[in-house]
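Top line first, the protein sequences correspond to chains D and L.
Position one of the first sequence corresponds to residue 1 (our numbering), numbered consecutively onward.
Position one of the second sequence corresponds to residue 215 (our numbering), numbered consecutively onward.
Worth flagging that the hints you see were computed from the coordinates, not collected in a lab.
Computed from a prediction, not measured in an experiment: that's the story for all the values here.
Built from N, CA and C at the ideal position, the CB exists for glycine as well.
Wrong hints could be hidden among the right ones.
So the derived list for chain D, only partly shown, Cβ under 7 Å to chain L, looks like this [what the hints assert, rightly or not]:
hint : residue
1    : Gly39
2    : Pro48
3    : Arg122
4    : Pro181
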Amino acid sequence: MAGRVSAPGAAKGFVLPQVPKILVYIVGFIPAVWLFYAGITDQLGADPMRYLEQALGLWALRFLIATLAITPLRQLFNVNLLRYRRAIGLLAFYYAALHLITYLVLDQGLDVAAIVADILKRPYITIGMATFVILVPLAVTSNNAAIRRMGGQAWARLHKLVYVAAIGAALHFILVVKSWPTEPLVYAAIVAVLLGYRLVRSLVKKPSPRRRAA
Amino acid sequence: MLIRRPSDILPSEITPREVYLNRRQWMSGAAGLAFAASLPGGLSAAPLSAVKSPFSTDEKLTSREDVTSYNNFYEFGTGKDDPAAKAKSLKTSPWAVKVDGMVGKPAEFAIEDLIKSSTLEERIYRMRCVEGWSMVIPWVGFPLADLIKRVEPLGSAKYVAFETAYRPEEMPGMDTVFPVLEWPYVEGLRLDEAMNPLAILAVGLYGETLPNQNGAPIRLVVPWKYGFKGIKSITRISFVDKQPATSWNKQAPSEYGFYANVNPSVDHPRWSQATERRIGEGGLFVKRRPTLMFNGYAEQVASLYTGMDLRKLY
Numbered sequence: 001m002a003g004r005v006s007a008p009g010a011a012k013g014f015v016l017p018q019v020p021k022i023l024v025y026i027v028g029f030i031p032a033v034w035l036f037y038a039g040i041t042d043q044l045g046a047d048p049m050r051y052l053e054q055a056l057g058l059w060a061l062r063f064l065i066a067t068l069a070i071t072p073l074r075q076l077f078n079v080n081l082l083r084y085r086r087a088i089g090l091l092a093f094y095y096a097a098l099h100l101i102t103y104l105v106l107d108q109g110l111d112v113a114a115i116v117a118d119i120l121k122r123p124y125i126t127i128g129m130a131t132f133v134i135l136v137p138l139a140v141t142s143n144n145a146a147i148r149r150m151g152g153q154a155w156a157r158l159h160k161l162v163y164v165a166a167i168g169a170a171l172h173f174i175l176v177v178k179s180w181p182t183e184p185l186v187y188a189a190i191v192a193v194l195l196g197y198r199l200v201r202s203l204v205k206k207p208s209p210r211r212r213a214a
Numbered sequence: 215m216l217i218r219r220p221s222d223i224l225p226s227e228i229t230p231r232e233v234y235l236n237r238r239q240w241m242s243g244a245a246g247l248a249f250a251a252s253l254p255g256g257l258s259a260a261p262l263s264a265v266k267s268p269f270s271t272d273e274k275l276t277s278r279e280d281v282t283s284y285n286n287f288y289e290f291g292t293g294k295d296d297p298a299a300k301a302k303s304l305k306t307s308p309w310a311v312k313v314d315g316m317v318g319k320p321a322e323f324a325i326e327d328l329i330k331s332s333t334l335e336e337r338i339y340r341m342r343c344v345e346g347w348s349m350v351i352p353w354v355g356f357p358l359a360d361l362i363k364r365v366e367p368l369g370s371a372k373y374v375a376f377e378t379a380y381r382p383e384e385m386p387g388m389d390t391v392f393p394v395l396e397w398p399y400v401e402g403l404r405l406d407e408a409m410n411p412l413a414i415l416a417v418g419l420y421g422e423t424l425p426n427q428n429g430a431p432i433r434l435v436v437p438w439k440y441g442f443k444g445i446k447s448i449t450r451i452s453f454v455d456k457q458p459a460t461s462w463n464k465q466a467p468s469e470y471g472f473y474a475n476v477n478p479s480v481d482h483p484r485w486s487q488a489t490e491r492r493i494g495e496g497g498l499f500v501k502r503r504p505t506l507m508f509n510g511y512a513e514q515v516a517s518l519y520t521g522m523d524l525r526k527l528y
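Modelling step: build the complete structure from the supplied sequences, incorporating the hints.
Structure follows, in structure tokens:
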């Protein structure tokens with residue numbers, strides 16, 4: 001959807017100097033490339049597999065948070081980054097996929113029995129897997145053709161699932177650590193603020209009347 | 215009990231060059247230690263001479279680099295690299311270990327006296343962390359039983375309680391928004407567990423005094439239990455008649471028990487304990503290996519738990 005916002009959206013919101021969207025992907029993939037390179041060249045410390053796995057998951061959560069920040073940035077601070085939201089959302093998906101592949105292949109060595117047991121028995125894995133499953137239809141429909149095919153409203157409704165994914169990702173992070181270290185709680189708090197903002201806004205502001213009806 | 219003939223060359227004798235040179239410099243272990251202890255802040259890495267032990271494993275050692283850079287020592291932060299980065303601020307000299315409670319001879323031992331009066335042994339043990347990774351570490355230390363015998367526990371003493379130093383000003387990880395654990399860190403063993411010859415108080419690793427991040431100047435090593443039982447930087451050992459509180463058990467009783475014996479068939483509620491990753495093995499492509507009952511020390515310790523339901527008393 002991002003592509004067409006620029007024209008009518010120009011009136012609403014301060015549009016930053018535009019950069020090609022491909023640049024978002026290139027910059028976005030730098031951490032992944034660096035992580036794999038550092039992993040192969042033994043620069044990720046004593047437990048490189050675990051480092052890679054966790055870092056990829058963390059980047060997925062960061063990009064997820066970035067997509068959720070775009071609307072509040074526009075509404076509150078008049079900063080319009082809507083043009084880049086699809087790229088950032090897809091980066092979140094790609095990182096989640098890399099995180100999952102690392103878990104399946106490097107961590108569990110494709111041990112199907114162990115993986116199935118993990119998914120069924122370990123809530124943090126169950127939640128992590130469910131979060132990834134939620135992201136799949138969002139990634140698959142992140143293109144103009146899907147929006148046309150589905151219609152804007154249905155598409156927007158489907159993409160509200162990103163809220164569930166963000167909650168799942170934050171919870172997954174909290175459940176994987178021992179005790180209550182600060183970092184996962186900070187990420188959870190950011191997700192809570194970004195979703196809470198939407199909830200409050202929807203309660204305060206009545207849904208805007210349809211143009212067509214008026 | 216299996217007494218293995220020690221191999222001729224201990225893998226730990228193959229030490230990094232700088233350590234080897236350092237050793238040459240000091241020549242005499244005792245002299246080096248005395249010198250190190252006289253320096254402010256305790257200083258790092260003084261050589262320790264130690265005799266070999268039949269309890270040592272001949273498995274490949276985890277590198278000194280990994281052993282001293284990948285640590286859980288939450289007083290210095292929850293990140294694995296926090297202790298190595300931040301534990302320098304801990305002042306390990308002077309250091310005293312107070313031994314009290316139900317003993318005939320309560321005492322306060324200066325660390326250098328403890329080391330001087332003990333026959334130090336090299337114990338190469340597997341270390342299995344509750345998080346699912348493991349190492350092989352050449353500790354230097356002495357049997358906990360030696361110390362216990364010196365203070366003459368009373369008949370009423372049934373447990374041994376341990377306490378880590380409580381020094382927020384030297385331990386930056388203690389100051390967090392939500393305390394990750396209740397401080398000071400406390401641990402405990404049943405007296406018969408503590409008397410088991412495998413249980414040691416370690417004062418060194420890789421032939422030198424303990425680096426701060428590994429629990430300097432003195433820590434517990436109980437290789438058949440998960441790593442968190444190995445309380446670090448001990449300042450107090452008390453003999454008591456009731457099972458003492460232990461830090462991780464207080465934090466999450468359903469996840470961490472008092473016994474915390476390595477047991478592949480009893481999962482942590484949030485993850486499996488059936489397998490482990492050996493640190494330094496395979497890098498990015500590390501292959502999991504099966505975790506052994508009592509971390510492979512069943513022969514020496516299984517009899518301590520006869521008749522106990524280890525599913526309930528995890």
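Verification of the supplied hints:
A distance limit of 7 Å between C-beta atoms decides the matter here; for glycine 39 of chain D the minimum to chain L is near 4 Å, and the interface restraint holds. Evaluation of the proline 48 of chain D hint against chain L yields a held restraint, the C-beta minimum of about 5 Å falling below 7 Å. Here the hint on arginine 122 of chain D is kept, as its CB sits about 6 Å from the closest CB of chain L, short of 7 Å. Because the smallest distance between the Cβ of proline 181 of chain D and any Cβ of chain L comes to about 4 Å, under 7 Å, the interface hint for this residue holds.
Checked against the numbered hints given earlier, this structure breaks none of them.
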